[in-house]
Amino acid sequence: MADDLTPIRHELHEENRRAWNVATDAHNSHKHDQAAFFRAGGQTLFPEERALLGDIAGQTLVHLQCNAGQDTLSLARLGAVVTGVDISDTAIAFARQLAADSGIPATFHRADIYDWLAATAAGPQRFAIAFVSYGALVWLSDLRAWARGIAGVLAPGGRLVLVEFHPLLGVLADDWTLKYSYFGAGQARTWESGIGDYVAMSGAALAPSGYVAGVENFQNPHRSHEFQWGLGVVVTALLDAGLALTALHEYPYTNGARLLADMRELPGHRLIPPATLPDLPLMYGLVARKPG
Numbered sequence: 001m002a003d004d005l006t007p008i009r010h011e012l013h014e015e016n017r018r019a020w021n022v023a024t025d026a027h028n029s030h031k032h033d034q035a036a037f038f039r040a041g042g043q044t045l046f047p048e049e050r051a052l053l054g055d056i057a058g059q060t061l062v063h064l065q066c067n068a069g070q071d072t073l074s075l076a077r078l079g080a081v082v083t084g085v086d087i088s089d090t091a092i093a094f095a096r097q098l099a100a101d102s103g104i105p106a107t108f109h110r111a112d113i114y115d116w117l118a119a120t121a122a123g124p125q126r127f128a129i130a131f132v133s134y135g136a137l138v139w140l141s142d143l144r145a146w147a148r149g150i151a152g153v154l155a156p157g158g159r160l161v162l163v164e165f166h167p168l169l170g171v172l173a174d175d176w177t178l179k180y181s182y183f184g185a186g187q188a189r190t191w192e193s194g195i196g197d198y199v200a201m202s203g204a205a206l207a208p209s210g211y212v213a214g215v216e217n218f219q220n221p222h223r224s225h226e227f228q229w230g231l232g233v234v235v236t237a238l239l240d241a242g243l244a245l246t247a248l249h250e251y252p253y254t255n256g257a258r259l260l261a262d263m264r265e266l267p268g269h270r271l272i273p274p275a276t277l278p279d280l281p282l283m284y285g286l287v288a289r290k291p292g
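Here the sequence shown is numbered in our numbering, starting from 1 and rising by one per residue.
Any given hint could be a false lead.
Label-pair restraints from in silico Cβ distances [unchecked claim]:
#1 A261 to G103: 37 to 47 angstroms
#2 A204 to P124: 40 to 50 angstroms
#3 D25 to W191: 17 to 27 angstroms
#4 E14 to Y198: 16 to 26 angstroms
#5 A51 to Y198: 36 to 46 angstroms
#6 A204 to A51: 16 to 26 angstroms
In case anyone wonders, no lab produced these hints; they're calculated from the structure. Backbone N, C-alpha and C define an ideal beta-carbon position, used for all residues, glycine too.
Sequences are here, hints too, so could you generate the full structure?
This is the structure we're talking about:
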């Protein structure tokens, strides 16, 4: 599934796996009794992804790069038959335990997303929906191979539903000044400090079960690698994979995540830029359908 111009960087994915394993424990340390939250009927999805998904009751759904499974279980609560896939051992172990403790049925696989897509496409299993959300694409070293992989695991007529932070955020420094190129061309951007504790930065907005102090002053011992993909590159990769774009929306806020300094919080845990700045596209959502 490798692309000749931007080959899949499995060695960098492995470094990211180690960084995510450590970060996941820190992130979940801030969330109060998540199993009890789910048993009481709680869910973690925001209105944007629910609107793009529509009625998913009874449909087979794979949540790619599912992290620790909270959104996956929320999708199951809406009636989908869910499978979650993530590269992090810690995240998948947590997701399996959370599913068991909350009594919500779900299947979880620990795998590099490219390996899982290739193996699944070679077998008989197909999904009505592939769901991807919030900070997923920056970990992909080959966007075209990812898009082809998704097309390969969707059933005819199946849909990709993607809700993601806008790539414009990838050009900004923490103080909202321009710093990085929008056109990443598949080149890795390495962070020696690794994956940080964005849940601690965001507070209750990313801890719907209740925020607790948890791990303080988290420092990741493993570096991480991200890839900048512009919106046009994302859409073109999906079109080249044979998927038909049926919806594309941009939003002037992020859901839950306080990603840069001085963000202001609106009702519903929507975060917007400081008052000194105009509205900017901070998130987008799309739906792409496989013919059939």
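| Against the structure shown, which of the earlier numbered hints fail to hold, in ascending order? | 5
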